[in-house]
Amino acid sequence: MITFDHVTKKFGRFTAVNDLSFTVAPQQAVALWGANGAGKTTVIKCLLGLLHYTGQIRVAGLDAQRQGRDARKLLGYVPQELAFYDDLSTVDTARFFAQLKKAPLQQVASILEQVGLAEHINKPVRALSGGLKQRLALGLALLGDPPILVLDEPTSNLDVATRNTFLQLLAQVKAAGKTIIFTSHRQEEVAQLADQVLVMERGHLKLICRANELAPRLGLRTQVKLRLPPNLVDAALNVLQHDGYTVHRNGVGIWVDVLADEKARPIHLLSQADILVTDFEVE
Amino acid sequence: MQPSIIWVLAQKELRDALRNRWFLLYTLAFIALSLAFSYLALAGAGMVGFAGFGRTAASLINLVLLIVPLMALTIGAQSLAGEQEKSTLAYLLAQPINRIEVFLGKYLGLTLSLLASLTLGFGISGLVMALNGSGAADPSAYVKLVLLAFLLSLAMLSVGFLISALTNKAGVAVGIGLFLWLAFVFFGDLGMMGTVIALRVPIDNLFWLSLSNPLQVFKMAAILDIRATLDILGPAGIYAVQRYGDSLVGIFLGVLVLWIVLPAAAAYARFHAKSDL
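Protein sequences appear in the order of chains A and B.
Numbered as in our numbering, the first sequence ends at 283 without a single skipped number.
Numbered as in our numbering, the second sequence ends at 277 without a single skipped number.
Watch out, some of these pointers could steer you wrong.
Footprint (simulated), chain A over chain B, 3 or more residues, beta carbon under 8 Å [unchecked claim]: (1) 7 to 20; (2) 79 to 88; (3) 94 to 102.
Under the rule of at most 35 Å between Cα atoms (straight-line distance), these lysine-lysine pairs were calculated in the DSBU-like manner [said to hold, decoys possible]: (4) A:Lys102 <-> B:Lys274; (5) B:Lys169 <-> A:Lys133; (6) A:Lys133 <-> A:Lys102; (7) B:Lys144 <-> A:Lys102; (8) A:Lys10 <-> B:Lys274; (9) A:Lys123 <-> B:Lys12; (10) B:Lys144 <-> A:Lys10; (11) A:Lys174 <-> B:Lys169; (12) A:Lys102 <-> A:Lys73; (13) B:Lys274 <-> A:Lys133; (14) A:Lys263 <-> A:Lys123; (15) A:Lys123 <-> B:Lys144; (16) A:Lys102 <-> A:Lys123; (17) A:Lys206 <-> B:Lys144.
Don't read these hints as lab results, they were simulated from the structure.
Beta carbons are placed, not taken as given, at the ideal position from N, Cα and C, and that holds for glycine.
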């Protein structure tokens, strides 16, 4: 469905994307994973024809540079930085983009309802919360029923509750058969949505793996905060340090450095030592 | 290129212009001043007829020279840079549309809003003159004056678009636009006089030099329209009429059209190549 063939993008002397080649199959969800500055957003901008590049990108066989308009007809885009016309109402915004995409105007109401904006159609966009704006962006991307969704850090500006709701919406879209390509640096998001992960580092493609292989292949680590009764904190520190964990005392609890796919193991160890963990939090 | 897409974008631009407080302020100022000038010129002359029309038209020429370039340069300068600054431009270009459609849609929308504003101002002035009996003196001369003002506004709009395409921030673009407005309105005459004195420019070169400023071109064309002579501009004006005769109108119109087309083409070339969205 999407093919990158030796794509390179330079900004002056800086190479943002270096000789990138990969393929996204129809109905597949692919995550571009990497730290800030890895080149993920540049890849998305090249795909959308917003940047000039060398190499070739094809969308359903169409050259994304030479046949940009036709290629973009197949893409629905959700940007990282939500930029709408603040004075327009939600429904007028959707109508405007529907006209640009030559989508039937009758589709506007059903799409806004699908993304949960039916109650907000007459509000000016500037009055919508971050989560509602993100839903609007998804709704606009779905106008015209494009087969491919392109999302740039879709949940980076959302709080936990809103993020989960939005990911559920995306899961529905994926289940409806859309091909999805998205950038992320959140492991749980990748695990929830992606079939395949392309790991990028400084513009290079470092690794291609399945979503469940990401943490062990990269040795990803995270911090878990455990809350314990104050009289058991010292004992807990001893147990975890004895098992090789790096542990820090922090207020009423302790921080434990763990492998990203073994977050529950310290709790299990403490439980075996009869130390009760009353609460936990993942960084 | 799809005309329907251009029209959708133009309508959006037109709607935005009507909500732009600066644009509304310029429009109101233009209407109020043109109305005031019409009344004052007619009342001061104490007469009607062609002389009354001539005084009003002369006042309107000066008003157009001040306000129309300011209005057109400002909204042109805000057009692309403003959207780029708010990141809406990148989002717009990520849709299945071409850059030429975005450019033409914006240009058309702003053209329509400018022309609507000028039509309103000139329309009210024309009405005042007609009610005082002077409009009947030469309505075609008045219509030509309005058309010349349209051309000047489009020339300045193109220059505004060029500034906008060359910058990334609306504030910077408007600042450059205001500086250019000052240069065209105030420094243009002084600069030309200084150049002529310093370089002892021959009279024919002085005429061609004055064509480098679109405001001068409009002024000469408008004076020629209402007086059929350029003697008011001194020896250079007399020389131009004697040397070029009936071709003068064509020369002025051609230069104004070039001032519309060339900056607009340069603006599109820059916008097309723009990658830092």
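Here is what the structure says about each hint:
1. 7 to 20: holds (count 5)
2. 79 to 88: holds (count 3)
3. 94 to 102: holds (count 5)
4. A:Lys102 <-> B:Lys274: Measuring from Cα to Cα gives roughly 26 Å; hence the hint holds.
5. B:Lys169 <-> A:Lys133: holds (24 Å)
6. A:Lys133 <-> A:Lys102: holds (22 Å)
7. B:Lys144 <-> A:Lys102: Since the Cα atoms of Lys144 (chain B) and Lys102 (chain A) sit roughly 40 Å apart, the hinted pair is violated (cutoff 35 Å).
8. A:Lys10 <-> B:Lys274: holds (14 Å)
9. A:Lys123 <-> B:Lys12: Holds, because 18 Å separates the two Cα atoms, which is no more than 35 Å.
10. B:Lys144 <-> A:Lys10: violated (52 Å)
11. A:Lys174 <-> B:Lys169: Judged against 35 Å, a Cα distance of about 38 Å means the pair is violated.
12. A:Lys102 <-> A:Lys73: Between Lys102 (chain A) and Lys73 (chain A) the Cα gap is close to 9 Å, so the pair holds against 35 Å.
13. B:Lys274 <-> A:Lys133: holds (27 Å)
14. A:Lys263 <-> A:Lys123: Roughly 42 Å between the alpha carbons, so the hint for Lys263 (chain A) and Lys123 (chain A) is violated.
15. A:Lys123 <-> B:Lys144: violated (46 Å)
16. A:Lys102 <-> A:Lys123: Roughly 24 Å separates the two Cα atoms, so the pair holds.
17. A:Lys206 <-> B:Lys144: Answer violated: Lys206 (chain A) to Lys144 (chain B) is near 68 Å, above 35 Å.
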